[in-house]
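Undergrad: Assemble the complex: chain A is given as a structure, and chain B must be docked to it using the hints.
First to last, the protein sequences are chains A and B.
Numbered as in the numbering used here, the first sequence ends at 367 without a single skipped number.
Numbered as in the numbering used here, the second sequence ends at 252 without a single skipped number.
For the record, the hints were derived by calculation from the structure and aren't laboratory data.
Errors might be hidden in some of the hints.
[Unchecked claim] Listed next, with one range per pair, are the computed distances between beta-carbon atoms: (1) B:Tyr125 x A:Gly60: 24 to 30 Å; (2) A:Ser128 x B:Pro27: 51 to 57 Å; (3) B:Tyr191 x A:Lys258: 22 to 28 Å; (4) A:Asn103 x B:Asn131: 30 to 36 Å; (5) B:Phe159 x A:Gln59: 37 to 43 Å; (6) B:Pro27 x A:Gln59: 57 to 63 Å; (7) A:His156 x B:Leu188: 38 to 44 Å; (8) A:Asn227 x B:Ile95: 15 to 21 Å; (9) B:Glu127 x A:Asp49: 20 to 26 Å; (10) A:Asp336 x B:Leu188: 24 to 30 Å; (11) A:Glu109 x B:Gly227: 40 to 46 Å.
Quick caveat, the model's predicted, so the values are computed rather than measured.
We treat Cβ as the ideally placed atom computed from N, Cα and C, and that holds for glycine.
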Amino acid sequence: MKKKNRNLPRPLPRRGALRVLFAVLSPWGRVREGFLFILTIFFLTACVDEELPTADTPQGNLDALWQLMDERYCFFDYKKAELGVDWDEVHERYRKKLSPKMNDLQLFEVCCAMIAELKDGHVNIGASFDLGRNWSYWEDEPENYYDSIARSYLGHDYGIAASLKYKILDDNIGYVRCESFNTGLGNGNVSSMLSILAPCNGLIIDVRGNSGGSLTNADCLASHFTNEKILVGYTYHKTGKGHNDFSPMKADYLEPAKGTRWQKPVVVITNRQCFSATNDFVKMMHCLPNVTLLGDKTGGGSGMPFMQELPCGWSVRYSAVVSVDRDKKHIEFGIDPDVKVSMDMGDVMKRKDTLIEQARAILHRAI
Amino acid sequence: MIRLLFIILTITISSCAMAQEDIQTKPVKRLLVGFGSANVMDTYLSPYSYKHKDIRLDWMYEECREKRFEGVGLHFATMENMARNVREYDFGLYIHSAFHLLRRHIGRFDMKAGPMGYLYVGGLYNERNGNNPAQARLSLMADLSAMVTYDFSLWNKSFQLEYSFDIPLVGVAYSPQFGQSYYEQFMLGDYDHNCIFAHFINTPSLRHRLLLNFPFFDKRWFVGYNGVMDQSKYNGLRYHSYSHSFLIGWKL
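With the rest of the complex left out, here is chain A (with noise of 0.2 Å):
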């Protein structure tokens, strides 16, 4: 039997075009086979498309809410050992309440109900007309706070060094209220006040009906009571669409700040508000050593949230990364304080902030 010679030069077809063309590739023996198979390759894992539903129905709307929080939301085992939160169990309970002619405000209130189940303020659906949440955390919780009263401390000539507002009391304690981490705060206006609020005794911080906002800012305010490098916390990740698919945990260290940092005692007012940034910045206090935190226990909400959507168009938002504490304990349902104080209605109707005047007791205890 003949053998194949395969530098032997091939017979070409006779039609015009092909023959060119197989003149030009024949000659190159190994690199037309090797651009064969990368084609062959190419076409086989070609097209990278969509992988959750895509009907805008009720049906494909709850399924792909379902799916996108069963492959990113980062607290599903947790919440399962908190909560008894078994998603599967849920898909199929929620799935159930659907009819395919159900108006938008039908849909979303199923919606809603499904994603409360997890007890995650920062789970959400965001549509036009309402925002689904679950913000039982603090609104089932007492507030401990009146904003007239703690005003009342801050009189009218208070100081304010972008989202932080401060005065010294009359026993030279300073007061700092701050009510956001939204709006920039830099390094420049925290030593700047702290310089102000020097000569002080203690320094109260009331985050108190502090919702959050940039962890930047959080580290910000933070890295002005420590004059050392200090373990906080620990971080990770989702790495994958299984439940227990995460990275290895990454060390949080709080650095000390380059301008004024604060050498006295602290006392740190907290609520059921404090929640997202605010519960880290409590995380990172809770860390130092001159530092005492007074009031309820914090919101929580320790997964940073991501945004994703719905076919419909509502967005959704998810914990997404996993912030612990130095123990690698969850703080997702909130930190404890050291010194539990409620507000006192006696001191309400004498427009005394309860928990403002226990602090101020502590620090004149600690001085």
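TA: Positioned in the frame of chain A, the structure of chain B alone reads:
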């Protein structure tokens, strides 16, 4: 990974350096602009394609020599999601340099092929997202580049039809991890497989183009089609950018 980066850089630089041999030949310099459709999906930002109320604009400057084909380009695209309530903006800068070391000239056909170094820097911005509002794109790839030209005459004027394509073969690319935030990467310095070994299986992409080169008044003009099919799937994230553009250009 460092070794891989070294290999890719070697291929890229050598394709540029080898092309220096070709520097003596007079280049055909041309400027091309394009407009067309865009269809972009990046599951870091959204699980769905943004392909409605879309437009893509391209600008390219290229130099073609006998063996060398170089260019720099910019593109910008904007498109909406399927519910038409959120917009994304896609933009990028790319520089490529190919050395067509294989060449066949048969009749009026001229076929060239060889390695190409392709650097891409760009981003995709979603106007609604909070902690994941944008995705940065950075890659350095060694591509396979090929070009076929066909010369012909009509009405005593010379025309040229040109078809070219390139396929990324191997390289390095940047990508965040599936659920990793930019805060972790840039504020906490967290590295988690963000430098990816990209190849034609996890980056099955194709860019191709058909151009007609024709004389009009005293200039030579180009019209044609530009198709881009950029795709990737790594770190659990899926990305595609499909575009079909009409090109018009002129020889400089």
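Undergrad: Which numbered conditions among the earlier hints are violated in the structure presented, ordered from lowest to highest?
TA: 5 and 8
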